[in-house]
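Colleague: Sequence:
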Amino acid sequence: MAYHKADAKAMLDDRGYAGKLIRGQNPATLLERAVLDRITDSMYFKEQCFGLNAATLCDRAADLQHIGGTYGTTGKPTPFLCLIFKMLQLVPNDDVILEMLNQPALALADAEEDEDETTETDQSKLGYFKYLRALAAFYIRLAWQPKDIYQTLEPLLADHRKLKRRARENYALTYMDQFIDDLLTKDRVCATSLWKMPTRVALEDLGELEPYESALGDELDEIDRESQNGHDDGEVSENGGDQRDRESGSGGPIGSPKSDGSDGSVRG
1 MAYHKADAKA
11 MLDDRGYAGK
21 LIRGQNPATL
31 LERAVLDRIT
41 DSMYFKEQCF
51 GLNAATLCDR
61 AADLQHIGGT
71 YGTTGKPTPF
81 LCLIFKMLQL
91 VPNDDVILEM
101 LNQPALALAD
111 AEEDEDETTE
121 TDQSKLGYFK
131 YLRALAAFYI
141 RLAWQPKDIY
151 QTLEPLLADH
161 RKLKRRAREN
171 YALTYMDQFI
181 DDLLTKDRVC
191 ATSLWKMPTR
201 VALEDLGELE
211 PYESALGDEL
221 DEIDRESQNG
231 HDDGEVSENG
241 GDQRDRESGS
251 GGPIGSPKSD
261 GSDGSVRG
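With full-length UniProt numbering applied, the sequence shown corresponds to residues 1 to 268, in that order.
Errors might be hidden in some of the hints.
Stated by the list, open to error - Calculated pairs, DSBU-like style, for lysine-lysine (alpha carbon to alpha carbon, straight line, at most 35 Å):
#1 K20 x K130
#2 K147 x K164
#3 K162 x K46
#4 K46 x K76
#5 K196 x K20
#6 K186 x K130
#7 K46 x K186
#8 K130 x K162
#9 K20 x K186
#10 K130 x K147
#11 K46 x K20
#12 K196 x K76
#13 K186 x K196
#14 K46 x K196
#15 K46 x K164
#16 K164 x K20
#17 K147 x K186
#18 K196 x K130
#19 K130 x K76
#20 K147 x K20
#21 K162 x K196
#22 K162 x K76
#23 K147 x K196
#24 K76 x K147
#25 K196 x K164
#26 K186 x K162
#27 K164 x K76
The set of hints was computed from the structure by calculation and includes no laboratory data.
Please work from the sequences and hints to get the whole structure.
Modeller: Written as structure tokens, this is what we have:
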């Protein structure tokens, strides 16, 4: 008779592995082996992650209180990291991940009253469960292709909500856009070494991505125009001063003696 075991170490053995693959490799290898051993030995993973599927995992993720990798002197894995490993076990469909990332803010009833605001997609009104969104974003960075990673995560840079991050000895405050920027630019996040993906500039040169348009593009253009106008006004003022000096017959500063050959002294 077969029994289910709350032990995922069998997945760490590549010999005869026949499960789902990510970029042609065992998903478990996307995390460091030392971290994997701590995850599979943790009580949270054995008790709270056993028997989860893509739907029930969302319930666990909605209860998260912080992000982070490992903490304490022994390097215990956070629930956030345990759920990441469980997602690597399940390898959910892309549609499921996108729904986790951009779940509508159904609990925000006041959002329906703001009829005068723009109807365009507002990232601040999506992903009501922010730690569920952070979990999905981290999984996307680990499992998806570079082009899809940039196209999916860059819109989240407009999400400025606060996140609590558990460090080794304490808690720290960060923001969703900072977390997303770390996923796109850094090589190590949440005690996990991220695989090296091509830079955005390289993908733009290959024609896979359009040039990036910053959300602050209009404001930056306005600042440039104001700076240029101020520079032009300075040139006009300087030229006007030179013209007045020439009309007064003096090329020197105001108050200097005229160059008429006299030294301005009184002779006795």
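Colleague: Okay, which hints does this one fail, numbers in order?
Modeller: none
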